[in-house]
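Enquirer: Each chain is listed here by its residues.
Number of protein chains: 2
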Amino acid sequence: MEEEEVPASAGGKFPLSIGVPLPDSADVRTERVLKKVLATVASRGKQHNPVTGSGGMLLGRVAQIAAPDGEVSRAHRGLRVGDRVATLVSLSLTPLRLDAITSVRTESAQLDVRGQAVLFESGSLVKLPDDLPERLALAVLDVAGAAPQVARLVPHESALSAPASNATVLVLGGGGKSGILCVAEARRRLGKKGRIIAVESYARYAEDVRALGLCDAVLTLDARDPVSVRRAVLEANEGREADVTFSCVNVPDTEMAAIMATRDRGVAYFFAMSTSFTKAALGAEGVSKDIDLMIGNGYAERHAEHTLAMMQEFPAVRALFEARYT
Amino acid sequence: MEEEEVPASAGGKFPLSIGVPLPDSADVRTERVLKKVLATVASRGKQHNPVTGSGGMLLGRVAQIAAPDGEVSRAHRGLRVGDRVATLVSLSLTPLRLDAITSVRTESAQLDVRGQAVLFESGSLVKLPDDLPERLALAVLDVAGAAPQVARLVPHESALSAPASNATVLVLGGGGKSGILCVAEARRRLGKKGRIIAVESYARYAEDVRALGLCDAVLTLDARDPVSVRRAVLEANEGREADVTFSCVNVPDTEMAAIMATRDRGVAYFFAMSTSFTKAALGAEGVSKDIDLMIGNGYAERHAEHTLAMMQEFPAVRALFEARYT
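So the sequence lines, in the order shown, correspond to chains G and S. Oh and the first sequence: position 224 is 224 in our numbering, straight run, nothing missing. Going from the second sequence to our numbering is simple: count from 1 and add 1000.
In isolation and in its complexed conformation, chain G is listed as follows (with noise of 0.2 Å):
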């Protein structure tokens, strides 16, 4: 069990604890909702969003370090005392008391906070590297559980044979947050092999992702149009439908277009919490579509570790990162 000091940002909406000092910057709207999270946290001394019941995440450093027999120690498995980690698992299920609140900020959802957490050792945390900004931090681990999935689905490089066969990548939204790990991640394993065909519809993102010079196509296309995207995915790929898609789409009706452009015993792998499993489920069915359908899941081993390893790889998406999350 690690006791952590919390000097620094949490994502999400941050506990405090009631009768703390809150920032002067904060106007009548920002101190309603402080206040309300004041009241649950008083309440339940956890955190959680009313509305939709999550959490959030936080960052912060370990300020001590207990053995299951209440013996204090400087260190364990790894982790120091002084060391900065941030939570993985849900604010909702951290013991948490809050001393000071000392800014916030509204545009990402953030509050720079003073007090402490307790985490267990059953809960996930990761420890930052020394070199990576808080706010990068929390954006990158925001979606961890990207990259460890397209590792698992994407072939080794080692695998291939050149030309490559059954090596094409198709990752829709390919210019967001979580678009752009897959992104990173497919070239990561597919070295010089493969290709990788992104779908963006935002101009700006797709220039961006464009930028990166990891994709053979970027294509500026909206994912809520099947037709469209599945015709410009066998226009880029030789008349081939991909091997594997990534849907990072968080808009409504993209599951067809996620559907119709993958091969037959392909995999489309939805990481958007807006995919619709009915749309999905009967969708393929409606179409002949004999594809695996999968529900994202956040959370693989040591995907927090994974992530940031990734981004220190490639130094382009990490600067296009803290370009646009920091």
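By construction, these hints were calculated from the structure, which means they are not laboratory data. Heads up, a few of these hints could be off.
Stated by the list, open to error - Residues of chain G clear of chain S, computed beta-carbon distances all greater than 10 Å: (1) V104; (2) D112; (3) R224; (4) K289; (5) M311; (6) E322.
Stated by the list, open to error - No farther apart than 25 Å at their CA atoms in a straight line, the calculated lysine-lysine pairs in the DSS-like style are these: (7) G:K177 with G:K127; (8) G:K279 with S:K1046; (9) G:K177 with S:K1279; (10) S:K1177 with G:K279; (11) G:K279 with S:K1279; (12) S:K1046 with S:K1036; (13) S:K1046 with S:K1035; (14) S:K1127 with S:K1046; (15) G:K46 with G:K35; (16) S:K1192 with S:K1177; (17) G:K177 with G:K193; (18) G:K127 with G:K46; (19) G:K46 with G:K36; (20) G:K46 with S:K1279; (21) S:K1177 with S:K1127.
Cβ atoms here follow ideal geometry from the backbone N, Cα and C, with glycine treated the same way.
Dock chain S against the given chain G, drawing on the hints supplied.
Expert: Positioned in the frame of chain G, the structure of chain S alone reads:
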């Protein structure tokens, strides 16, 4: 292309052309439904349920087979004029003409009709074995996707050492229509090895599946209670979680039972249309379960043939289906 006479039964709401005779038995409410169907077919030449958008399926006999050049033949790719077939493509995509409706089966939502349908070679249809009653065929083919997906995920006995590890199959809703097919297919794969555990809340259905003798344990439990399900599965499986779980429970809030009863890197496969994408995705993440979550695809290549062949191998399953669904 085949053209097909339809003297037989049709699942879902079957289309009728305006002016066709209605059965004498039809009451006022039934007549209203039939007239709605008539209006749909009259305007579209196909049938779809205006509420669900789905179309059902039909059974009938092949009346004529036409080649793309218009040439009429007696046989094509194993199909002959006179063969009994079932369509596996939605009636909402199948051109239809109705000449008479001979009876209405309200309980099973089936109509007996005379008429013709045009089926395309690209669409999915299956030849029915001569000894399979039509009503049984309808019941089985309605969930034809289940068995082939199970066959893909459950290891074959030849790949298992005895006592088998990594071969515990859990079926939630194991006493229902698709659940029984999952249980039977799992046993077909595992032979005398592995372990099959069914969870079924409805006592009569639990007794039915127990009587089949295919399961190692049948637990009469509500799949909406993940803690009880997990505890009972561990008890029935020497403290281990399931390797593959199939969820066939058509009520909401059963995602967590499947997730919590499945081992890390195992698979939870969701057939039930009541499955919530977000509950599965966020649920697995929330409890840090590194498992593959799959959306049940009702289509798999040759799924109907696969399922019909499986039924022939399990006379007790067939007898149960005949007793329950015909």
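Enquirer: Determine for every hint whether it applies to the structure shown.
Expert: Status of each hint after checking the structure:
no.: 1; hint: V104; in the structure: holds (26 Å)
no.: 2; hint: D112; in the structure: holds (25 Å)
no.: 3; hint: R224; in the structure: holds (17 Å)
no.: 4; hint: K289; in the structure: violated (7 Å)
no.: 5; hint: M311; in the structure: holds (20 Å)
no.: 6; hint: E322; in the structure: holds (26 Å)
no.: 7; hint: G:K177 with G:K127; in the structure: holds (21 Å)
no.: 8; hint: G:K279 with S:K1046; in the structure: holds (21 Å)
no.: 9; hint: G:K177 with S:K1279; in the structure: holds (22 Å)
no.: 10; hint: S:K1177 with G:K279; in the structure: holds (22 Å)
no.: 11; hint: G:K279 with S:K1279; in the structure: holds (16 Å)
no.: 12; hint: S:K1046 with S:K1036; in the structure: holds (13 Å)
no.: 13; hint: S:K1046 with S:K1035; in the structure: holds (14 Å)
no.: 14; hint: S:K1127 with S:K1046; in the structure: holds (22 Å)
no.: 15; hint: G:K46 with G:K35; in the structure: holds (14 Å)
no.: 16; hint: S:K1192 with S:K1177; in the structure: holds (23 Å)
no.: 17; hint: G:K177 with G:K193; in the structure: holds (24 Å)
no.: 18; hint: G:K127 with G:K46; in the structure: holds (22 Å)
no.: 19; hint: G:K46 with G:K36; in the structure: holds (13 Å)
no.: 20; hint: G:K46 with S:K1279; in the structure: holds (21 Å)
no.: 21; hint: S:K1177 with S:K1127; in the structure: holds (21 Å)
Of the numbered hints listed earlier, the single one contradicted by the structure is hint 4.
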